[in-house]
Amino acid sequence: MPSQVQPPRRIALVLQGGGARGAYHVGVIRAIAEITGNQRSPFQIVCGSSVGAINAASVAMTSIDFQLGAARLESLWRSLHCHSIYDSRALPMLARSSRWAMTLFLGQLGLRMTGGLLDYRPLRDLLAREFNQRHLRLAIRSGALHALCITTSSYSDGTSTTFFQGDDSLQPWSRARRRGESAILEPDHILASAALPFAFAPVHLDNRYFGDGALRTTSPLSPAIHTGADRILIVGTRDSAVGPRRSAQPSLGEIAGHALDILFNDNLEADVERLERINHTISLLSDEARSRTRLRVIDAATIAPSRDIRELAKAHAGELPRSMRLLLRSIGYSGGDARIESYLMFEPGYVGALIDLGHADTWARADEIRAFL
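Counting along the sequence shown from 1, when you hit position 6 you're at 6 in the working numbering, and nothing is skipped either side.
Derived by calculation from the structure, the hints in this document are not laboratory data.
Among the clues, some could well be false.
Stated by the list, open to error - Straight-line distance between alpha carbons at most 20 Å, and here's what the computed DMTMM-like set of lysine to aspartate or glutamate pairs gives:
#1 K314 / D356
#2 K314 / E368
#3 K314 / D337
Could you build all of it, start to finish, from the sequences and the hints given here?
Following this line, the structure appears as structure tokens:
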């Protein structure tokens, strides 16, 4: 009797959102390149949302030469400033915030503010320079890359939409309030995934408007699973510590900081717990029962900051452009635990500290990472 041909095992990399905290991904990726020492990427599937989509695209494009790709990504991040991502000049920022304020008072007269508080044209230009569709297609054709998945949130129909490009065998999927669509990925897909609500304007794609991928993502691991992952390495950006309890009423700015934490972190942690429960349930089934279910065991590992990122941000808070500090102060944010700065401060000192932290955290688990990969 001929033996069944087993499908190839595939490892997925899932990169969490988190604005400037995405620098932590870069340190992890650099350390993995050093630990494995392989030229070809250990990740056949790469998935990301928000800033994770930006880093995911870079990893995917350089799947054939993972070492070079990791070095280039680090070099790019260490060269960033806030003005590389959004227009941080005082007068344009003041004008945009003033239009927002006027909308609150004159909205009944028909005045509308449809953009964001920040102008993302610098980020759009950066993505246009860095993203290379030809390199992505070459990685797919070579077999080094099976799929790149970029998750967005659709303002037009209220769904979480993952745009994917990869092997011809991949099929679209549809679940409750989320779906996967095949696409020829372009810089605007990545920009849409990173378009943080209120901060950045929605991005127009295929006659629809999209925003930050974390906004409606209830199952962040779903794209990796739908595209055939057997193992998933997740790189998170959540604070490692819980701050002291406060009795004072939070300001609008502090509430915004907590909202960012919820947006980028809670669904991912819940999805990892869900995956662990499913794996445990499958382990209790008999071989016959397993053969009758579509469920399968998927191993997962998470790398997350060993230090409180807010403390790193607080140490570098003076790097944030003065115009940005004034804008934050105008919405009632006076520094506090540096939570908002930790998401918006794309400056060399802070970015470098996060890269170094991700690198150190990954090397501290080198044996575990080698075994997993």
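Outcome of the hint check:
| no. | hint | result |
| --- | --- | --- |
| 1 | K314 / D356 | 17 Å, holds |
| 2 | K314 / E368 | 31 Å, violated |
| 3 | K314 / D337 | 7 Å, holds |
Violated hint: 2 only; the structure is consistent with all others.
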